[in-house]
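Student: With the hints as constraints, model all of the structure from the sequences given.
Chain order of the listed sequences is A and B. Under the working numbering, think of the first position of the first sequence as 425, with each following residue one higher. Under the working numbering, think of the first position of the second sequence as 425, with each following residue one higher.
No lab work stands behind these hints: they were computed from the structure. Just so it is clear, the structure is predicted and the values come from calculations on it, not from any experiment. The reader is advised that the hints may include incorrect statements.
The list makes no distinction among identical chains, and a pair is therefore deemed to hold if it is satisfied within one copy or across any two copies.
Stated by the list, open to error - Restricting the straight-line Cα-Cα distance to at most 30 Å, the calculated cross-link-like pairs of lysine-lysine (DSSO-like) are:
| hint | residue 1 | residue 2 |
| --- | --- | --- |
| 1 | Lys764 | Lys653 |
| 2 | Lys710 | Lys433 |
| 3 | Lys814 | Lys429 |
| 4 | Lys505 | Lys709 |
| 5 | Lys839 | Lys776 |
Number of protein chains: 2
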Amino acid sequence: MLYSKLFPKIIKGGKKYDSINAQYLIDGGFIHQEMAGVYALLPLGLRIIEKIKKIVLKEMIAVGGQELIMTSLQRKELWEKTDRWDDEKVDVWFKSALKNGTEVGLAWSHEEQITEMMKNYISSYRDLPVNVFQFQTKLRNELRAKSGILRGREFLMKDMYSYSTSKEEHQKFYDQVIKAYIKVFQKVGLGDDTFLTFASGGAFTQFSHEFQTLTDVGEDTVFVDRKKKIAINKEVFNQELLDQLKVNKEDLEEVRGAEVGNIFSFGDTKSKQLNLYFNDEDGQKKPVILGSYGIGITRVMGVLVEKFNDENGIIWPAQVAPYQVHLIGLDLKDVEIKKKAQKLYEQLLDSKIEVLYDDREEARAGEKFAAADLIGNPIRLVISKRTGDKIEWKKRNEKESELLTINEVTERLKKY
Amino acid sequence: MLYSKLFPKIIKGGKKYDSINAQYLIDGGFIHQEMAGVYALLPLGLRIIEKIKKIVLKEMIAVGGQELIMTSLQRKELWEKTDRWDDEKVDVWFKSALKNGTEVGLAWSHEEQITEMMKNYISSYRDLPVNVFQFQTKLRNELRAKSGILRGREFLMKDMYSYSTSKEEHQKFYDQVIKAYIKVFQKVGLGDDTFLTFASGGAFTQFSHEFQTLTDVGEDTVFVDRKKKIAINKEVFNQELLDQLKVNKEDLEEVRGAEVGNIFSFGDTKSKQLNLYFNDEDGQKKPVILGSYGIGITRVMGVLVEKFNDENGIIWPAQVAPYQVHLIGLDLKDVEIKKKAQKLYEQLLDSKIEVLYDDREEARAGEKFAAADLIGNPIRLVISKRTGDKIEWKKRNEKESELLTINEVTERLKKY
Numbered sequence: 425m426l427y428s429k430l431f432p433k434i435i436k437g438g439k440k441y442d443s444i445n446a447q448y449l450i451d452g453g454f455i456h457q458e459m460a461g462v463y464a465l466l467p468l469g470l471r472i473i474e475k476i477k478k479i480v481l482k483e484m485i486a487v488g489g490q491e492l493i494m495t496s497l498q499r500k501e502l503w504e505k506t507d508r509w510d511d512e513k514v515d516v517w518f519k520s521a522l523k524n525g526t527e528v529g530l531a532w533s534h535e536e537q538i539t540e541m542m543k544n545y546i547s548s549y550r551d552l553p554v555n556v557f558q559f560q561t562k563l564r565n566e567l568r569a570k571s572g573i574l575r576g577r578e579f580l581m582k583d584m585y586s587y588s589t590s591k592e593e594h595q596k597f598y599d600q601v602i603k604a605y606i607k608v609f610q611k612v613g614l615g616d617d618t619f620l621t622f623a624s625g626g627a628f629t630q631f632s633h634e635f636q637t638l639t640d641v642g643e644d645t646v647f648v649d650r651k652k653k654i655a656i657n658k659e660v661f662n663q664e665l666l667d668q669l670k671v672n673k674e675d676l677e678e679v680r681g682a683e684v685g686n687i688f689s690f691g692d693t694k695s696k697q698l699n700l701y702f703n704d705e706d707g708q709k710k711p712v713i714l715g716s717y718g719i720g721i722t723r724v725m726g727v728l729v730e731k732f733n734d735e736n737g738i739i740w741p742a743q744v745a746p747y748q749v750h751l752i753g754l755d756l757k758d759v760e761i762k763k764k765a766q767k768l769y770e771q772l773l774d775s776k777i778e779v780l781y782d783d784r785e786e787a788r789a790g791e792k793f794a795a796a797d798l799i800g801n802p803i804r805l806v807i808s809k810r811t812g813d814k815i816e817w818k819k820r821n822e823k824e825s826e827l828l829t830i831n832e833v834t835e836r837l838k839k840y
Numbered sequence: 425m426l427y428s429k430l431f432p433k434i435i436k437g438g439k440k441y442d443s444i445n446a447q448y449l450i451d452g453g454f455i456h457q458e459m460a461g462v463y464a465l466l467p468l469g470l471r472i473i474e475k476i477k478k479i480v481l482k483e484m485i486a487v488g489g490q491e492l493i494m495t496s497l498q499r500k501e502l503w504e505k506t507d508r509w510d511d512e513k514v515d516v517w518f519k520s521a522l523k524n525g526t527e528v529g530l531a532w533s534h535e536e537q538i539t540e541m542m543k544n545y546i547s548s549y550r551d552l553p554v555n556v557f558q559f560q561t562k563l564r565n566e567l568r569a570k571s572g573i574l575r576g577r578e579f580l581m582k583d584m585y586s587y588s589t590s591k592e593e594h595q596k597f598y599d600q601v602i603k604a605y606i607k608v609f610q611k612v613g614l615g616d617d618t619f620l621t622f623a624s625g626g627a628f629t630q631f632s633h634e635f636q637t638l639t640d641v642g643e644d645t646v647f648v649d650r651k652k653k654i655a656i657n658k659e660v661f662n663q664e665l666l667d668q669l670k671v672n673k674e675d676l677e678e679v680r681g682a683e684v685g686n687i688f689s690f691g692d693t694k695s696k697q698l699n700l701y702f703n704d705e706d707g708q709k710k711p712v713i714l715g716s717y718g719i720g721i722t723r724v725m726g727v728l729v730e731k732f733n734d735e736n737g738i739i740w741p742a743q744v745a746p747y748q749v750h751l752i753g754l755d756l757k758d759v760e761i762k763k764k765a766q767k768l769y770e771q772l773l774d775s776k777i778e779v780l781y782d783d784r785e786e787a788r789a790g791e792k793f794a795a796a797d798l799i800g801n802p803i804r805l806v807i808s809k810r811t812g813d814k815i816e817w818k819k820r821n822e823k824e825s826e827l828l829t830i831n832e833v834t835e836r837l838k839k840y
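Tutor: Structure follows, in structure tokens:
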């Protein structure tokens, strides 16, 4: 991609925001703030989201999930059956009405809708287990949206729902998803600081599980045992649980966490409320066991920025970076240098390397370096009068640069 | 994909719907009706949508479009500036409110929001032209949703917006998009029956352009000249236009059309209303010229079903079919036959052919053939006792079948 063509350019000296993720993502041209907690994804931001989605998609398919997309419009009567329509019970609804006056809600979650739909497709044990997932925009009418894209009113989630014949079948899948989630957070670059966390359960189970990434802007307080790679949400913290998990109080650190994922067992409660039953092998009617499994896709992008940045901008992990290489051409009014930079750009594209080439003739060197640092692609290459026959190579997360030949550059990028 | 694992299976003897597209798509397990005009995309339906999106994406990038995703939540004050907030002016709004009482709308279109956003990024002629597009769910509070997914309350659109420095620059892009749209409709399989159609313009231009696919369930009446590959929407039909287009009344046929795409020049009206100006090369302040370009992605899926079906189900064009091959194994309780079918399935997967394999042991032959016909993949392969060492090959749109060797099958599929 040519930076001269990229929409939009970085913003210099713009508005100040309350969080690093909002500041860098807005200034860097990744997102646009429509209103508090409501952000559009601009081309650079969309590239990151697509990369995170791809990583998540692969693991969801690996556990046997099938992708679908439910609707945003929700029927009131469904949510009344589970007592989650009333604003006193669920305080994040956006509600509206059809022309004929029928009230509708905008989905903040999808358990009710998917479970109701399953009544069309599940009647026998032969139809089970079923695991479906979606990438879907959720609308949540938060009283206070905050921390940039970490707590939004409109955001992208991956949510999966499992329907099983028994507790045992359910538990097996639940454990598989825990492993899949661990892989996902490793792959997006949050593995070291993301902890499987015990949190409050519901009618069916004592605990649910969260995946908490340690960061000061997180909303939760968690106690973490770094060695055992386990954490406990403050809301369920007590001695009994410590004993149960064989964790010593002394090994725990009290920290802030951002919930990037959660998994939850509904057991048979929702199936009973919505009347989703199946006939087992003996012809006996039984309620289906439901689990739900979320990952906050846009939140992951925000947490990545919070974890990986310096005073000049973002430092994306390579696997989710918008481009692998940020190529800067300086002194481009010199025809020879321009040719050389253009040639390298084309060579990189031919080698299927994602490259953003700052080809602007007017912009000053300082502007170009500032844009590269703010956008945060992992490798910066510079071609200029000063670099002569060579190319300057610098990693975003390192101070030192080197002068390399074209061959050395392409060889190194192959290994990347 | 194994049909035994696919969610969901086809529905037999279910509810009757008012349109072929709703009937076949729901019975075939492509979509689920949540309420009138509101449909979830199930795995098979999502595959088709993804294929249509991919075709559209490629052409939008080819004309220099950059992908982003705007938000569903809309600020009232923006739409007031262009006088499109009032329900008397725009009768398809879903409206809601933030916790603090601030009214918000759910996006039925995005011109206002994108144009307002552009004020952050466009100030000079150097920032232009810009062409951005998105695949985004639109919510439209239709009084009467009808014709299955052809007119929905929640549906997927591709919408592109162009920002240009002059009428000439705008017109050049507008003409490019017309060509790109023609390619898109050819590629999805609607080329023969989709016509560039003159429709009513606005303050800025005499006409807008629609792409109308001829189908009885279409909502529009158009006069089509099949030879000249041109059509006129009844709303603007008059002798003056016929003269202008050099079309003879005798060559026209009055038919029903479904609007699958539209392109529209706003000129400088919206930029003036929302205050989007730029400085030209001489430092003069000028309003930006705006065009908008839509394709109804879910509607295209519906129109495809309306065009390509028979009494047994859908007949997908290969390029958008959920799978290229529908492989049926019969007599699978015979271990040898089961092995052979499994082997062919794996061979096809290894050759990167998309295949849905009906591996159910319990289902009767008739059920399997009915499912294959309803789902409508282009090639049906059968392995059974009767086929011996060979494989039965049948196209979905032909009556005759042939017995081929494995090599003949794989050779033919390569050419496909």
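Student: Take the hints in turn and mark each one as holding or not.
Tutor: Checked hints:
{"no.": "1", "hint": "Lys764 / Lys653", "in the structure": "neither (49 Å within a copy, 47 Å between copies)"}
{"no.": "2", "hint": "Lys710 / Lys433", "in the structure": "between (58 Å within a copy, 21 Å between copies)"}
{"no.": "3", "hint": "Lys814 / Lys429", "in the structure": "within (26 Å within a copy, 56 Å between copies)"}
{"no.": "4", "hint": "Lys505 / Lys709", "in the structure": "within (20 Å within a copy, 59 Å between copies)"}
{"no.": "5", "hint": "Lys839 / Lys776", "in the structure": "both (13 Å within a copy, 27 Å between copies)"}
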